[in-house]
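Novice: Here is how the chains run, residue by residue.
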Amino acid sequence: MATSAIIFYTIAGIMIIFSLLAVTSRRILRAAVYLLFALAGTAALYFMLDYQFLAAVQLIVYAGGIVVLIIFSILLTTHINEKLEKPAWGKVFITATLVLGGLMLTLFVLTNHEFVLGTEPTAEATVSVIGERLLGYQAGGYVLPFEVISILLLAAMIGAIVIAKRNSTKS
Amino acid sequence: MSLNELMIMRHEWALVAVALVLLIAEIAMPVEKKKQINGLAAALAAVVVVLGFLPAQYGSLFGGMYVTDPLRILMKNILNIGVLLIILQSVSWLRQDLYHDRSSEFYLLTFASLIGVNYMISSGHFLMFYLGLELTTIPIAALASYEQFKSKSAEAGIKLILSSAFSSAILLFGISVLYAANGNLYFESFELSSSLINTLGFIFFFSGLAFKISIVPFHLWTADVYEGSPTNVTSYLSVISKGSAIFILVIVLFTLFNSIQLLWQDVLYATSILTMTIGNLFAIRQQNLKRFLAFSSIAQAGFIMLGVINASALGMATVIYFMLVYVFSNLAAFGVIQTVGHASGKITIDDYNGLYKTNPQLSLVMMLALFSLAGIPPLAGFFGKFFLFTAVAESGFYVLLTIAVLNTVISLYYYLLVVKAMFINTNATPIAAFKSDYAMRISLVICVVGILVTGFYSPVFEYIKNLCETF
Chain A
0 MATSAIIFYT
10 IAGIMIIFSL
20 LAVTSRRILR
30 AAVYLLFALA
40 GTAALYFMLD
50 YQFLAAVQLI
60 VYAGGIVVLI
70 IFSILLTTHI
80 NEKLEKPAWG
90 KVFITATLVL
100 GGLMLTLFVL
110 TNHEFVLGTE
120 PTAEATVSVI
130 GERLLGYQAG
140 GYVLPFEVIS
150 ILLLAAMIGA
160 IVIAKRNSTK
170 S
Chain B
0 MSLNELMIMR
10 HEWALVAVAL
20 VLLIAEIAMP
30 VEKKKQINGL
40 AAALAAVVVV
50 LGFLPAQYGS
60 LFGGMYVTDP
70 LRILMKNILN
80 IGVLLIILQS
90 VSWLRQDLYH
100 DRSSEFYLLT
110 FASLIGVNYM
120 ISSGHFLMFY
130 LGLELTTIPI
140 AALASYEQFK
150 SKSAEAGIKL
160 ILSSAFSSAI
170 LLFGISVLYA
180 ANGNLYFESF
190 ELSSSLINTL
200 GFIFFFSGLA
210 FKISIVPFHL
220 WTADVYEGSP
230 TNVTSYLSVI
240 SKGSAIFILV
250 IVLFTLFNSI
260 QLLWQDVLYA
270 TSILTMTIGN
280 LFAIRQQNLK
290 RFLAFSSIAQ
300 AGFIMLGVIN
310 ASALGMATVI
320 YFMLVYVFSN
330 LAAFGVIQTV
340 GHASGKITID
350 DYNGLYKTNP
360 QLSLVMMLAL
370 FSLAGIPPLA
380 GFFGKFFLFT
390 AVAESGFYVL
400 LTIAVLNTVI
410 SLYYYLLVVK
420 AMFINTNATP
430 IAAFKSDYAM
440 RISLVICVVG
450 ILVTGFYSPV
460 FEYIKNLCET
470 F
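Top to bottom, those sequences are chains A and B. Counting in numbering that gives the first Met the number 0, the first sequence runs from 0 upward without gaps. Counting in numbering that gives the first Met the number 0, the second sequence runs from 0 upward without gaps.
Pulled out of the complex, with its shape left as it was, chain B reads as follows:
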């Protein structure tokens, strides 16, 4: 095994090295200096992101168990940036005295989960895929119950681990059915015929993944887990976990299950309508902002499925572009909720009444994020949705397109409710003015720049589209 071969796997090597450095730092550092681990973790995350962008070779390792190509590297880079933003947003929260001797565990588990994400995206074998999926979920289940003195947090942890164990079992059964019918677990030599047994295997496989993406009717765990977990864990779940599952779903559908395309288009058609509509209708009723964003992220997953249905390079490009935009927009919204919750402990929409008077900058960031999620031009979210709709129209699903557009209007309504609360509603006792820490500000600035640049700078989409065409 030469150095070049090792370089192919550099995302994973870097992350494993980071995890080991943190582990040693946790053991070696004296207790009173433990707070420096926060800065160290953020710096290491930044190094990982930079390493990911360096040019390197592509290929497959371990006899096809591990595959990389430019597109997979792009997916990993998008998610690595997301994790860097989440870590920057967590710093001030973890610097509290309450967590002074637990903060390095938080970062270790986050990085462990990110290793899982990277291996899952690069998997060329069902075993690696499954291990990556488990490694993505199990550390996050522990993090969901990080605030152990709150019963809601413990409940979130147990709900996440039980529902993910259940969905993994379904997914494994699907894989074993597919293996029984085809006698092969390597992706590159996997050939699927359209027989009944493959249909059954695919349905089980898809259901297992749909749990992770929280597609309706597999979404029931989402709202409770999102509400109970600490805010930064919620943002990890809604951006990184969901994003990685969507990426691997796209890869698997476009390569392994390419021959039963008509089947999965039907499945996605039905689930995307259900997901968009139910996510939106429930989002309107929410007062708690974390539950609100939980249902909004369910609805967004429904929109993403629109791009997948168009089974071509264009569809794939729209999905990845939308995810890129979604990472920035959703993390901006969660960052504001995180910093407001940390400063004042307030989390409902009514609490945000009159926020603009006291904290104008945060209100503006939140407004940009929500506008981008809703898809208001000229922000990036508009182009994301616009491309998705183009992809659906191109494949001729006009009924689906109409339903999607109607759903966008509904989503506009509830996103604007929050904007109205911040800017128009008056409040006798608004959240007092406060200053958020540097790390949080840096992450919010990166998010805002991301929302604006991915929207205005068209080569971004062209680049993704070129990569997808050569995939």
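Just chain A, with the same shape it has in the complex:
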């Protein structure tokens, strides 16, 4: 087995284990930390693909920013020692069966499909290429989604204000 394959399977294994731990952990703070490792694993995969920019973004935004936000909100709203209830065995069994069934089905389909490699040469993901793509308005440019995302973020901020704002009526 080539070295890259070994590295890939190691990273993938780590990601799977930590993702499983993140959703099964009964302490919410631990779940957040496990999520951090799963996200860092994704960044490692991007490095393997030579997508340095994307990997850096993944580390800064997700591992650095979002996990810290999640941990902050956990610390501000819940008790650290709080443990979730143990789920009933029946529910665990049904969920596990469904998940495994779905996984088997998807794996069966994906492994039996012959993927065709693209003929176009992969573009070098340098910062200037990414910048041109992000602001391009011809085919292959992404300026419209970029702008729509900014509307989405604005709406999300207003939504957060609506949920969090206290009523200032004098009652």
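Honestly, the hints are just simulated from the structure, not real lab data. Among these hints, one or two may not hold up.
Examples of chain B residues lying across from chain A (beta carbon under 10 angstroms, computed) [said to hold, decoys possible]:
1) Glu11
2) Tyr118
3) Thr198
The structure displayed is predicted, hence computed values, not measured ones. Each residue gets a CB set at the ideal place from its N, CA and C atoms; glycine is no exception.
Starting from the known structure of chain A, arrange chain B on it as the hints suggest.
Specialist: Just chain B, lined up with the frame of chain A:
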């Protein structure tokens, strides 16, 4: 980029401009004048609707990421009218002192969601489609928990955001499978072969959208969210969110997934039977009118699928016509529930006993709306259902047609239960007579006119059918 190219995107430009104007108004207006924002928002919504009807060019922008044609413009106009009606119905509710410094957020989020609807209908790329879908849902999840002092409203918000995040994940997985198999995300150059992997991708994609339309078995969030949200948010969810998801489903099925038509016909066949039947059976048991309309709207989604199954221009035209009628009928019903709930706080069917004695006009509007939803001639709803049934019969699904007709009979029963409560049942303490505000009356009048005109004036359907044939 020339002015003409900008004009192609005028729905979206107008809505973004409206949102910015409201944002600035919210910041600049002194607190004691905040109530004027209600009038401003309604006026701006009316401007957007009028702008949408002005003639303009069609075409695609941004290298095919954004597409418009007459049919998509019609879809956007239908939904814009719906939002105008909802805003008119919200005015008196938002003028309460309770919401005096939160009302502009309500409009901002509504318009943001409408921008998402417009971009989603015009999407020519999976990324734009997905962004539009998220932009449609996330602001509405915040609005669902608008009445933060009620635990049910908070519950509705959290249920909506969780179920929509779950369904988005499924949809994204479907898109990534389709991308892996086809190596392309632009709609215009998307070619699908009927292989197993495309089937899998399509099923995931469809399941994600089915959550938004609340097709059985993806409907479990619907009743709780509809009941807990403020009434006008419920009407937005049941008309605009659902309508936009149905429109984009039709577009996507008829263009992208045209080559696997036999597959999606089977999927729709099964889900439409389940959706109609389960929606109807659960609707009979409801006492709360919002839950009642939630299940009724699930059943209506099942009927709409009948039109989609007929994979032709006729099927498409019947779906759009039915949605047009549904916007007016459902918003009339929700408008009555909204104004009665606002005036008296009452929401169950038993509370409506003897409503005709005290509030005859509202009772008549409600009766018209329910008759139209049930499909009683000569109202528009009858023609909507009739065309849908014609479309099913034309494609030869007679068993499906029989089940659909049986379901219509069941739905007639429960819609008439409400009419009976209002007109026949006696009540020692009926809801006291009250006057609703002007904005609400205008919206109810528009709804009633819509129900009557779309039914009696046949060029409406002809126009939609012509657009569909050239699509």
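Novice: Against this structure, judge whether each hint is valid.
Specialist: Here is how each hint holds up against the structure:
1. Glu11: Since the shortest Cβ distance to chain A is 9 angstroms, the answer is holds.
2. Tyr118: holds (6 angstroms)
3. Thr198: This hint holds: B/Thr198 lies near chain A, its Cβ roughly 8 angstroms from the closest one there, short of 10 angstroms.
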